[in-house]
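*Asks:* Chain residues, written in single-letter form:
There are 2 protein chains.
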Amino acid sequence: MTHDPTASLTELRDRLGVIADLTQASALMTWDQRTYLPPKGNTGRSRAIATIGRLRHDHMTDNGLADVLAALEAADLEGDDAALVRETRRDVDLATRLPRELVGRAAEQFSVAQTRWAAARADDDFASFAPVLRENLVVVREIAQAHAAGGDLYDALHDLYERDSTAAAVEAVFTPLRAELVELVGEIRERGRAIDVAPLLGAFDEGRQERFNVSVARAFGYDMEAGRLDRTTHPFASGIGRGDVRITTRYKSDDLRGALFPTLHEAGHGIYEQNLPAEHAGTPLGRYASLGVHESQSRLWENVVGRSLPFWEWAYPRLQETFPDRLGAVGLEAFHAAMNVVEPSLIRVEADEVTYHLHVMIRFELERALLDGSLEVDDLPGAWNERYEAYLGITPPDDRRGCLQDVHWAGGMIGYFPTYSLGTLLSAQLWEALRRDQGDVDDAMRRGEFGGILSWLIEHVHRHGRRYTPAELTRRATGAELSAEPYLRYAREKYGTLYGL
Amino acid sequence: MTHDPTASLTELRDRLGVIADLTQASALMTWDQRTYLPPKGNTGRSRAIATIGRLRHDHMTDNGLADVLAALEAADLEGDDAALVRETRRDVDLATRLPRELVGRAAEQFSVAQTRWAAARADDDFASFAPVLRENLVVVREIAQAHAAGGDLYDALHDLYERDSTAAAVEAVFTPLRAELVELVGEIRERGRAIDVAPLLGAFDEGRQERFNVSVARAFGYDMEAGRLDRTTHPFASGIGRGDVRITTRYKSDDLRGALFPTLHEAGHGIYEQNLPAEHAGTPLGRYASLGVHESQSRLWENVVGRSLPFWEWAYPRLQETFPDRLGAVGLEAFHAAMNVVEPSLIRVEADEVTYHLHVMIRFELERALLDGSLEVDDLPGAWNERYEAYLGITPPDDRRGCLQDVHWAGGMIGYFPTYSLGTLLSAQLWEALRRDQGDVDDAMRRGEFGGILSWLIEHVHRHGRRYTPAELTRRATGAELSAEPYLRYAREKYGTLYGL
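Residue numbers (the working numbering), protein chains in the order written: chain A, 452 to 952; chain B, 452 to 952.
None of these hints come from the bench; they were simulated from the model. The structure displayed is predicted, hence computed values, not measured ones. Any given hint could be a false lead.
Copies of the same chain look alike in the list, so a pair counts if it fits in one copy or across any two.
As the list claims (entries may be wrong) - List of simulated lysine to any residue pairs, SDA-like, C-alpha gap at most 20 angstroms:
{"hint": "1", "residue 1": "Lys-945", "residue 2": "Phe-774"}
{"hint": "2", "residue 1": "Lys-491", "residue 2": "Arg-669"}
{"hint": "3", "residue 1": "Lys-491", "residue 2": "Ala-654"}
{"hint": "4", "residue 1": "Lys-491", "residue 2": "Glu-730"}
{"hint": "5", "residue 1": "Lys-703", "residue 2": "Tyr-612"}
{"hint": "6", "residue 1": "Lys-491", "residue 2": "Gln-889"}
{"hint": "7", "residue 1": "Lys-491", "residue 2": "Ala-677"}
{"hint": "8", "residue 1": "Lys-703", "residue 2": "Leu-549"}
{"hint": "9", "residue 1": "Lys-491", "residue 2": "Ser-759"}
{"hint": "10", "residue 1": "Lys-703", "residue 2": "Arg-943"}
{"hint": "11", "residue 1": "Lys-945", "residue 2": "Asp-531"}
{"hint": "12", "residue 1": "Lys-491", "residue 2": "Thr-547"}
{"hint": "13", "residue 1": "Lys-945", "residue 2": "Asp-674"}
{"hint": "14", "residue 1": "Lys-703", "residue 2": "Val-792"}
{"hint": "15", "residue 1": "Lys-945", "residue 2": "His-787"}
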């Protein structure tokens, strides 16, 4: 057999382009289902999303694609071409393990389940969601079994979101992290000075909030000509296609933090998607490295930058101009402290940086128990509330603010949550490396200049797309394996200062 | 070969369901491109729409579909099953005539062209659109040739929008219609009383307009739980999927009519789509009969109902409450007359009922000339303006209000415009039949009750989907062939009274 790698590469890219276009259709249909779809369109939309999922699977498992991929694996490729073939192989193998029938059934099940979840959450009615979640788990186990090849089901699912990671690896990071955080939270509670959050509470005009939040997202680098900001129950970011990366937020009627930090968080995701390598658009190489790496970007902009004092030295006068009546008399330091108050709370996406991981750990434990059947769905609210009491010392007053708050399990995503913490740890590790390379970036932030930070992230993370595995990307960017230490150094220093420990 | 029609029908519906889901994806991607897509996403979106178009074509021309269709044609089917097979045959034949390559190229060309048109229209820059329109015409001619099989190119295109109609049939209706309308417009100008449109001009708060317009659309029967209202440059309606039928409008800063009538017009389209037969959803039988029939619904609600005195007897007090400062002192009769003023104008979608057809006739003449090459694209603005001077006595001051006002040619739609007049004529013919069946419906309208009208339309038009050809549907609903006479009777009586002729 004669190989012409050039022609084969062109054919490969053409085939991947069709798959990417189907993915674009599916991503838009899902975004629309969460934003603007009329309620009576839900059933038809879920079915159509399932159909597109099956067609995508057909193309991914097509013999023609298998043939051209095999031919390219036999050729002597280097650099990006070799990486493209390697990453396409991963995606093809992942698809091939799943029966076509399961792909469509799962897509429809999870699409319907998300709609049912949104209604159950709005009505605070876990009982109406429980049967749907049970059905989800049946389907999720089928998917896990297809991937696990006899191995651990949770690991098989987790690998879909965080490549090469395992539950054991997560535990190895979580165990010391939990101990250190419990200690830090205890110190803050026992010895920390009191911080008043009152300046952030009460009503703030939503239109003004949105204008301010968007202005900050743009300053960070989120391109509104290639993106949007809409409103949803659960904030999310979606890279729909090249030049089309959308984010959403929600507004809290009584807390300025409720929309601001989700907006900055999702903008961080959006900035990553907007800077993925254009030359690899429509191929696996043009996609993000992992969800943990994705989360490192959102958490870096949301927290490491967006909750820092140098950032607010620039931003706070602008926010005061936006809300002169509310904030005109509140000083920068008081405002900054209020934005960073550490206190046990109910909602993960609104949690402070320190207690955040405890929310994730609770989900990690519960989803493993749901998956292996040691926790019954009907017992989830109780188990959830027990853990909140044990880890955070508070009990959700209802399931809306308890086990119904996150969309993930409704969307069939089990094994996803740990990536939030892994990404947060990576954000601190990347920040240390960035400061090693660039020196102090605080002065730039004080001037509202974020281009240096963005350039470093593009150079070391975004532009690589999926060229490297998450572990390799981490090593190349930071010179070390992923570790909780940089994050703990960051948290101890920041909160030690803030709370006068 | 043994036929099991039941199994074959199930297979047919399954295959058509996949095609319908691809159509849903494509419809949403197009709706989104006109409403919310970030500008930098346009190129990727156009390519993805083209991909979906090619995949849809693949499924429509698939050998498996051809086989099951042939088997069903050989079976002895009756009623809806026979109609389903007949209508699927039409769609399959239409698809099969087009080469796959042309389908994708056309989808991408027309998608890009619409974006270029929107920019050219915004900038009033015909020169930037001219090369795109030339490219469109090349592609449109290829499509026409594929369908015409040596016959007339315009007829082949027109049949795509108005089945079984021809340019000669359109001319046979247009020629007497033109003569009668020119006479009526002349009488109004020479002998009609003066009508003051001032009450409708000036600024009206857009939010209040929208609330009022939506309340009317809902009263007519447009279901906002199965639909939306958004804002676009060019108002349109799109049946995206079952339970998901969206309409758009635009707002004029200085004229109350600018958003109201497009909203009612598109709501009329939406109501038709929302009442297509649910049992045939996802098959050709569940689709609209023709664009002319579609337009008969929009024009009936917009004009026959929406510009009538009995309707405003109910609606006007509500509008006065909405704008007490502007309309509190304006009487019903003066307001109703202003809403119906007949005067030559530049924008088709804002034209009064009488001069409207002249706008359509101009486009019908010009698009035939563009298609057969007797009119060069560069000469279009001049030819457009000449005809506006000749037919309406006014010359557009710019191309934005001239030949750049409509999206159709940018979207590759040649042969579409006549359906606007055919549908308008049908709306009056349906109205006569409805009043024959139901007696005077004015009293119901005066009470804000439109359910009787809607029921009649569902019974005689909507619920049939594509079961009958447009001509057959017209005969069954009205007892006669389509004719301009009912419309002319309606127009002479209404405008004779209004203008005191």
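*Asks:* Each hint should be assessed against the structure and marked as holding or not.
*Replies:* Going down the list of hints, with the structure as the test:
no., hint, verdict
1, Lys-945 - Phe-774, "neither (27 angstroms within a copy, 56 angstroms between copies)"
2, Lys-491 - Arg-669, "between (35 angstroms within a copy, 15 angstroms between copies)"
3, Lys-491 - Ala-654, "neither (33 angstroms within a copy, 35 angstroms between copies)"
4, Lys-491 - Glu-730, "between (40 angstroms within a copy, 16 angstroms between copies)"
5, Lys-703 - Tyr-612, "neither (30 angstroms within a copy, 49 angstroms between copies)"
6, Lys-491 - Gln-889, "neither (53 angstroms within a copy, 31 angstroms between copies)"
7, Lys-491 - Ala-677, "between (30 angstroms within a copy, 5 angstroms between copies)"
8, Lys-703 - Leu-549, "neither (41 angstroms within a copy, 53 angstroms between copies)"
9, Lys-491 - Ser-759, "neither (44 angstroms within a copy, 32 angstroms between copies)"
10, Lys-703 - Arg-943, "neither (29 angstroms within a copy, 58 angstroms between copies)"
11, Lys-945 - Asp-531, "neither (40 angstroms within a copy, 72 angstroms between copies)"
12, Lys-491 - Thr-547, "neither (34 angstroms within a copy, 34 angstroms between copies)"
13, Lys-945 - Asp-674, "neither (30 angstroms within a copy, 54 angstroms between copies)"
14, Lys-703 - Val-792, "within (18 angstroms within a copy, 49 angstroms between copies)"
15, Lys-945 - His-787, "within (12 angstroms within a copy, 69 angstroms between copies)"
Of the hints listed earlier, those the structure fails to meet are numbers 1, 3, 5, 6, 8, 9, 10, 11, 12, 13, in rising order.
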